[in-house]
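*Asks:* Chains as they are written, first to last, in UniProt numbering: chain A, 1 to 296; chain B, 1 to 296; chain C, 1 to 296; chain D, 1 to 296.
Hint data in this document are derived by calculation from the structure and do not stem from the laboratory. Predicted, not measured: the structure shown is a model, and the values here were computed from it. Virtual Cβ for every residue (Gly too), placed ideally from N, Cα, C. Treat the hints loosely; a few may be bogus.
What the simulated footprint calls covered on chain C by chain A, stretch by stretch (three residues with Cβ under 8 Å from a Cβ of chain A suffice, anywhere in the stretch; the number is not a length) [what the hints assert, rightly or not]:
(1) 241-250
(2) 267-276
Straight line, CA to CA, 20 Å or less: simulated SDA-like cross-link-like pairs of lysine to any residue [stated by the list, open to error]:
(3) B:Lys200 - A:Glu140
(4) D:Lys200 - C:Ile158
(5) D:Lys200 - C:Val224
(6) C:Lys200 - D:Pro163
(7) D:Lys239 - A:Glu140
Covered stretches of chain B (in silico footprint by chain C; criterion: 3 or more residues with CB under 8 Å from a CB of chain C, positions within the stretch not fixed) [said to hold, decoys possible]:
(8) 17-31
(9) 246-260
Number of protein chains: 4
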Amino acid sequence: MTTLGFIGLGIMGGPMSGHLAAAGHTVRGYDVHPEAIAKLTAAGGIAATGIADAAADADVVITMLPNHPQVEDVVLGPDGVLAAARPGTLLVDMSTIRPETSVEVASAAAEKGIRVLDAPVSGGQAGAEQAALSIMVGGEEADFAAARPLLEAVGRTIVHVGPHGAGQVVKAANQLVVGGIYGLVAEAIVLMEASGVDAKTGLDVLAGGLAANRILELKRESMVAREFRPGFRIDLHHKDMGIALAAARQADVSLPLTGLVAQLVAAGRSMGYGDLDHSALLKVTEGLSGRAQSQE
Amino acid sequence: MTTLGFIGLGIMGGPMSGHLAAAGHTVRGYDVHPEAIAKLTAAGGIAATGIADAAADADVVITMLPNHPQVEDVVLGPDGVLAAARPGTLLVDMSTIRPETSVEVASAAAEKGIRVLDAPVSGGQAGAEQAALSIMVGGEEADFAAARPLLEAVGRTIVHVGPHGAGQVVKAANQLVVGGIYGLVAEAIVLMEASGVDAKTGLDVLAGGLAANRILELKRESMVAREFRPGFRIDLHHKDMGIALAAARQADVSLPLTGLVAQLVAAGRSMGYGDLDHSALLKVTEGLSGRAQSQE
Amino acid sequence: MTTLGFIGLGIMGGPMSGHLAAAGHTVRGYDVHPEAIAKLTAAGGIAATGIADAAADADVVITMLPNHPQVEDVVLGPDGVLAAARPGTLLVDMSTIRPETSVEVASAAAEKGIRVLDAPVSGGQAGAEQAALSIMVGGEEADFAAARPLLEAVGRTIVHVGPHGAGQVVKAANQLVVGGIYGLVAEAIVLMEASGVDAKTGLDVLAGGLAANRILELKRESMVAREFRPGFRIDLHHKDMGIALAAARQADVSLPLTGLVAQLVAAGRSMGYGDLDHSALLKVTEGLSGRAQSQE
Amino acid sequence: MTTLGFIGLGIMGGPMSGHLAAAGHTVRGYDVHPEAIAKLTAAGGIAATGIADAAADADVVITMLPNHPQVEDVVLGPDGVLAAARPGTLLVDMSTIRPETSVEVASAAAEKGIRVLDAPVSGGQAGAEQAALSIMVGGEEADFAAARPLLEAVGRTIVHVGPHGAGQVVKAANQLVVGGIYGLVAEAIVLMEASGVDAKTGLDVLAGGLAANRILELKRESMVAREFRPGFRIDLHHKDMGIALAAARQADVSLPLTGLVAQLVAAGRSMGYGDLDHSALLKVTEGLSGRAQSQE
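Can you make the complete structure from the sequences, with help from the hints?
*Replies:* Given below as structure tokens:
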């Protein structure tokens, strides 16, 4: 069994750290919200008094944080993980952040003899609770092999996709495709409804051919019914589209559809739908076509 | 058995008319290319001397033509189907055209007591040859019921989606989603490759989650390998994106992603890839990112 | 002085035909609305009983019609200009239509010995009333020379830009640039206002540098004040963006910004602003950013 | 006369600091490149040994740096301007950076009793050399009044546009409009050329009407001739489009055209044109339309 530090015990990190404790690992957890720590201790973990306390004696430190500024503070800060952890420690950053920061973290860690993986996840809150996440891992092969048994306690599909930052790149690619498909399905629905076609029937046809996709499979009924309970909130997808654009900039590529999808997702947030499921991109498309009244 | 006129015996109409003849129907076929007619007679059909000859004694006339100008000529022209066919004839236009023309055809036909369905297909040449097409049908319920046994000789999924033009609308919705997903997958590949991630591995991860789609399933290996044999040619998808934009204009809706996808598909054609499979949209994305050399 | 037929006596054609009559030409005018003909006769013109009557004895026929279907009917139809006019007649089509139709008209006219120019205008209703239009002319140099004295009665800037259809292409290029600049200025305004910057002050700065443009010069005050009286209506610009996309398709080019601008203008119409000035594209941008309330 | 610290003596900061020295101010300058400092001393300035030396005794400190990370280091770093400067010092950051950082700098400075203006410029290298820059200033009115005499030594149009960050917002708005107009003019050129219209003649017409803009005025001849010497490099405009998108994100607005223009400018860089003038966006548009050969 492994001695773990786990920093960031929120909607995702909370159930993940609980699964690791339940699997018999020693999990010393920290979060800025004391009640999040209390949940972990109730689940068999140990309360850390701070980042340093979580990291100092750990074999593996896992971080699960909102975005890159938090990762910079928690990992690179003067009282952060790299300052506190022993050489040889393995840091697994499971936050979804821009690849550039993952590479910077790996570089700073290497100077202290600390190994790093970037390991963002998809599958959302439900995936975290059911230990069914998909995990995209960037870093050294040997470190991936070392981390895999731990990751299996929280995820179902665990893939080593390349060097430092590669996990973030694949997550970004995933999110740009998902956001874009929502936008396309929304345009298909608006076109069909405005043309007097029953959208449900039409989407059934699409779902049977080359246009078939997981979003049509899982969400076409709720989208046609205008049910937008999350799921995965537009605000989070907005953050992820920012990461996709940052990754494109870092890789020196031009992604025109991603650029437009990012603005449509931004519109979802600006129009006040940030707390709805990302399928609510339909409301942006409706708004553009003057059909917002159909949403009641 | 039914007496059929079949006009347009090309890549799609050729095998479709053959299936109908093989099913025991009397198929009187016409095409501007005599060799296409010869193929039908070899398959058990009868050579018509012209449009009027094909349509005059038919119970059902099927048209399978390149685009709306041909439909206007063949159906509405002075020597066309409506001029030649008897009242009570059922015209099934299986061409992919803009919905507006389908509605005009239906209206002109009604004045002559001729019933009409618009019934565009998806599934391409392979679907036509294997009698496995998906058929989206617009028009009256009773006419759909009457045509269904014939359509079952050429298609596998046959759905009545709404009133006149609705078949075209659903086909347009299908094509905008398909074109858009190709564009998104292309951007994901370019982003991953330019970031040093193995695209094949990355796409495998995407195919296992919410980004999953039929195109990833069928085409991700050939796209990563830059194999672009059609399949469905970019030139045809370019035509179909024009129909999608015309349908949007007719329905008075705004479809920003469709508008951009249409220009990217147009770029594929302008850049000289019109005869490649529509997955070659990847070459447009590569070109934009200065990575065209990777294709050789 | 010239004997003229003038077909299409609406908002634009009305004052234009009046100027030509006032200049001493014999103007035989026709319109489907009798009151439009009455206005011309009051201005010194002659009422024609139909298209053929207007065209039959004319040296020059001018058409000023809403869009290409009307041009096809009026010029190419069985009772149209080409059927009625004498060989040697010069047809000047001043309608704004897609270049493809202008080329078809020129080709059909050539078979009858009739010469044709496409000569769309910009400057709007005010330009027509003040005889201050800009006129972009496509066709033969000699025909342009022949038409120029007439065009000078209605326009101020009169340029021969190339062969048949070229006038339409330049008009389309003009409209895509104008529509796009409105969209960009709208985004600048929304960004500045949402950031707490006084948009009027900010636009003053933009108008003094490389971002300077005629729209900023003429419309920045009215846009910031949300005054959208036409001017040039969004519905008309929507038609023109359709022509720009058709011209791009005809020329086999890819115009991504034009593709997106067309959908934003379409949104203006879909959202109910079709009768407002095209500067009301700002309302689309505001809607996307959830700032629509700021307009009241 | 004022005692000034000037940090960042490059292509822009070099001539600007020289103008200030020539105007009689005491200018203590620093740059990471010693030869840049040597130029200043040759122009009458004083060589500072580091940031602290430049800032410690200054009444006003001016910074002119490449992007926000450099501003963060130079201003906020442990040996930075805020650590070294006396309370009451006025810091004028003339770098073009995202508004968010300008606001952070102002906030950090306030804690130390240091006043701040953000004062990005437009006009490029030529504007800097000729002391003819446009300067957009964000911050307190009183501080603007204090800085104005100094700014007049380097700029011609100097406008106070709003609170902290407002200068950056207006600069971002300027750059999104400029980038977008280049893209639109490029699409107009490609459409006209591919349609057989002489682009020079066509652009002359556009420049005479509502499509008129400064870029058409200054650059249409060089664009048609494919002369792309900078001027303002695509690489810099790429940086600025990133700032525009960051500003939009910060302001919670959706800017679809800006999102697409950013990717087209990124394509210019990816395709290898980063060192050309931003008018070389035309090469991206040509590439998309398969017309790249026309550039030789």
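*Asks:* Please go over all the hints and tell whether each is borne out by the structure.
*Replies:* A quick look at each hint next to the structure:
1. Given a C-beta distance limit of less than 8 Å, the hint that chain A covers the stretch 241-250 of chain C is violated, as 0 residues qualify and 3 are needed.
2. Note: the stretch 267-276 of chain C has 4 residues with beta-carbon separation from chain A under 8 Å; the three-residue rule is met and the coverage holds.
3. Distance hint between Lys200 (chain B) and Glu140 (chain A) is fulfilled; the C-alpha atoms sit about 19 Å from each other, no more than 20 Å.
4. Distance check on the hinted pair: Lys200 (chain D) and Ile158 (chain C) sit about 15 Å apart at the alpha-carbon level, within 20 Å; holds.
5. Distance hint between Lys200 (chain D) and Val224 (chain C) is unfulfilled; the C-alpha atoms sit about 34 Å from each other, more than 20 Å.
6. Restraint check for Lys200 (chain C) and Pro163 (chain D): satisfied, since their Cα atoms lie roughly 15 Å apart, inside the 20 Å limit.
7. Straight-line distance between C-alpha atoms of Lys239 (chain D) and Glu140 (chain A) comes to about 32 Å, which puts the hinted pair past the 20 Å bound.
8. Check result for the stretch 17-31 of chain B against chain C: violated, 0 residues qualifying (beta carbon to beta carbon below 8 Å, three or more required).
9. Restraint check on the stretch 246-260 of chain B versus chain C: 10 residues with Cβ-Cβ distances below 8 Å, three needed, restraint holds.
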